[in-house]
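Heads up: the protein sequence lines correspond to chains A and B, in order. Position one of the first sequence corresponds to residue 711 (our numbering), numbered consecutively onward. Position one of the second sequence corresponds to residue 2 (our numbering), numbered consecutively onward.
It is worth saying that the hints were derived from the structure and are not from the lab. Remember, it's a predicted structure, so these values are computed and weren't measured experimentally. Certain hints may be false.
[What the hints assert, rightly or not] Far from chain B by the CB rule (all over 12 Å, computed), these chain A residues:
#, residue
1, 859
2, 863
3, 864
[As the list claims (entries may be wrong)] Okay, the calculated bits of chain B under chain A, using three or more residues with CB under 8 Å as the criterion:
#, stretch
4, 57-66
5, 122-136
6, 203-215
All C-beta atoms in this analysis are idealised placements derived from N, C-alpha and C, irrespective of residue type, glycine included.
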Amino acid sequence: MGRPRPGGGRPEPPAAAPGPGGGWPGLSAALWRRPWARATLLLTPALAWFVLIYLAALVVLLITAFWRINAFTTNIERVWNLGNFTLIFENPAYRDIVLRTVGMAAAVTVADAIIAFPFAYYMARLASHRTRTVLYVAILLPLWASYLAKVYAWLLIFTHDGLLNWSLGKAGVGPVNLIYTNWAVFIVFCYIWLPFMIIPVYAALERIPSSQIEASQDLGARTWRTLRLVILPLVLPGLVAGSIFTFSLTLGDFITPILIGGTGSNFMGNVIEQSVGIANNVPFAAAMALIPVAIMAVYLLGARALGAFRAL
Amino acid sequence: MEPRGLRIALRIWVVLVLLLLFVPIALILLYAFDRSNVESWPIPGFTVRWFSVAWHDPDVRQALLLSVKVGLLATVIAMGLGTAVAYAVHSFRFFGREAISFFLVLPLALPGIITGIALSSFFAFRGIQLSIVTIVIGHATFCIVVVYNNIIARLRRVPGSLAEASMDLGARGWQTMRFVTLPMVATSLVSGALLAFALSFDEVIVTVFTAGAQNTLPLWIFGAIRLGQQLPEVNAVVSVIIAATIIPVALAARIAGSGSVTRSARAVEKARG
């Protein structure tokens, strides 16, 4: 099928008269002369799906957060109240959980940016074309490899008789008990989200014309000065793009905290999961879930204000 | 050019990061053949016994079957809806077109737990019992995005002049669609389907909230690891899952180019509107 030129919603010239060789020539021609009918036909199913299920679900989530459950029957009572939010903000335990989660997300984001930048820099500026392709695939495979498999692998590494303590033993250092600590959770998060940071940073680095870097060097700037004044500002949008993922994915995860952090680990995701699965308090879980949404909204607005989106 | 010392340092850094990325994955594959039933390093010897144990475990079988069913159904739905909407967004200019692009990416841009809890409250609100249907609904919702992204990216690269030439030569709309446009986007359809299946097959967070009593394979694994039970079986299953998630992606990358599988970069590109 042809398509209208950009900006034009105007009907296309009618195609050749319906002839043999296609089914339903009448319907085909009728649709063909009415682009709006084709567009409606194509868009309706997916949009209906999104509006009636996904958007409706998000709206229900928002509304549910302002309801409460009956303490005895655990049935949802459709009574408007702010009880869930006052509980989250006034109870120091929940405040700590929110702060701990945000702190973890920030720490993971910074660590991944530090790990990703030199890797992406090598990929974009030093590697040969062939090496670059190989490295790209080397990032993509762990990105797509099963999430649970990757988390479980770290459980095997951190466990008391695991690879880590064996290696430390060989190096003559005593065993460490990393498993079921927040340090372990931090390392696993960094590992799992690393490819999400490398890819946009690489894309941003690759787009810098070498002439711009050469110009900086011709004008007398040394490596570090070029890096700080020319490359970093140009890569910033890529770093921000990557950080959106590392930050958002860490905020909402509860699988890694449960498996690596143990039953005592307490992040927002854990609270949400337990509120639904154990306490059956969906309104409270919904209120808790709105916090990462709000944080991400602020984060995205901040990124936009920095001009990160425009420059990308 | 970078000084020599810096270049060497960067090279070492790259090797270290690659080791970091691949040692855990290699380790899982080794543990799958571990003769012992205790998870410790170094492993004492090799066996393929645990694959057979897992294969004959009715729980694993049921979970595998459910995962495959869910993956196929979600992929079919996502292909139908995602292809149609990608084609429409690409071909027509209409009010709210940009909003659609942004909106469709939300399930991938927001943390999975939001999609999960939102759908869970929605099903509770509407009185819908959790079943395979609700799992498929949850998975299809984010699979649509992957299909949409893949196909629209391809459509943008295919020159519109080819379709116009076809029309000028007298082909009718459906003929142009079938003989010109479709062959040009065929590989992106295949890669979109593969990626959608891989994503669904591995999804755990959304599934936790949308599955009733049944287990998908990731839910079975999550449960087993959480309780610390049947870990030798978990090793075998997990290594198969790694293959099941990596192979479709490697295929998709081969078929449609590695650009089609960068799920993060693409989503960011969309999210900025």
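Checklist entry - Going through the earlier hints one by one, which of them does the structure break, listed in rising order? => result 1, 2, 3, 4
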